[in-house]
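Student: Based on the sequences and whatever the hints tell you, model everything.
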Amino acid sequence: MGLLDGKAAIVTGSSRGIGAEVAKFLAAEGAGVVVNYRQKAPRANKVVTGIENDGGRAVAVGADLTSAEGPAALVDAAKVNFGGLDILVLNASGGMESGVEEDYALKLNRDAQVNMLTAAAEAMPAGSRVVFVTSHQAHFINTVPTMPEYEPVARSKRAGEDALRELLPQLEAKGITLVVVSGDMIEGTVTATLLDRANPGAIEARREEAGRLYSVQEFGAEVARMATADVPSGHTEYVGGADYLGVAG
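If you count the sequence shown from 1, position 210 lands on 210 in full-length UniProt numbering, and the numbers rise without skipping.
Do not take every clue at face value.
[Unchecked claim] Dumping the calculated BS3-like pairs for lysine-lysine here, alpha-carbon to alpha-carbon at most 25 Å:
hint : residue 1 : residue 2
1    : K79       : K174
2    : K46       : K79
3    : K79       : K40
4    : K40       : K107
[Claimed, not checked] Label pairs and their in silico Cβ distance ranges:
hint : residue 1 : residue 2 : range
5    : E149      : E187      : 33 to 41 Å
6    : N81       : L245      : 37 to 45 Å
7    : K79       : D103      : 30 to 38 Å
8    : G30       : A126      : 15 to 23 Å
9    : L245      : P42       : 35 to 43 Å
Hints in this document: simulated from the structure, not taken from any laboratory. A quick note: this is a predicted structure, and the numbers were derived from the prediction, not measured. C-beta: ideal position from N, C-alpha, C; glycine also.
Tutor: What follows is the structure in structure tokens.
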């Protein structure tokens, strides 16, 4: 028996990277998982196949969270395929990609997060859990500077966290808890790759400062763990970057 037998989860941005690992961990505990992708259906289908081959339940659903209909499509998929929704992992983020509109980071990292949670909360029973994934660089952006290439994204993600925290009273009234997971830079993520491309040597420098960086799988395990952790609503779980936390106070 898994910790999440009979439960249903949505993991946004889960066709690869951290989101894919979180989806696998939740499925391994018995949850039916909606694997969300924006454009790359083959990658999402590969994640689903892997989960199913391991005896789990999952479905791939294409949805752009910045669109009006995207969040509702994911919630509907959870209800149709798994009978409801108990866990929402807000993992999708971006803003460093080339060719996106100027305000895309804020649309995705703040507005879409709020819209996704608002749509999900309507279907989530008391006892449900929401997990928001962020970075130390974003979480502490108001007190600790980050590299200029990442600052606009960091500020948009901090704005998203603040907007979600403003919903805590409404979530509490429904019996839904919100937990934030803040991590140091993670080896092998798209963000780390783009940062290193924009600022060569940035990841190596951060690795030396921190001593080591978490892998995608290691961080994914920590995010998944917070789906059932016995912590109060509004709790922030810090992963890695002890030196960073010391500077941030």
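Student: Hints first: check each against the structure and report whether it holds.
Tutor: Hints, one by one, checked against the model:
1. K79 <-> K174: holds, 18 Å
2. K46 <-> K79: Roughly 22 Å between the alpha carbons, so the hint for K46 and K79 holds.
3. K79 <-> K40: Holds: K79 and K40 sit about 23 Å apart, inside 25 Å.
4. K40 <-> K107: Judged against 25 Å, a Cα distance of about 20 Å means the pair holds.
5. E149 <-> E187: 33 to 41 Å: violated, 18 Å
6. N81 <-> L245: 37 to 45 Å: holds, 39 Å
7. K79 <-> D103: 30 to 38 Å: Since K79 and D103 have Cβ atoms about 32 Å apart, the given range 30 to 38 Å holds.
8. G30 <-> A126: 15 to 23 Å: Since the Cβ atoms of G30 and A126 sit about 20 Å apart, the hinted range of 15 to 23 Å holds.
9. L245 <-> P42: 35 to 43 Å: holds, 38 Å
Going down the numbered hints, you'll see the structure goes against just number 5.
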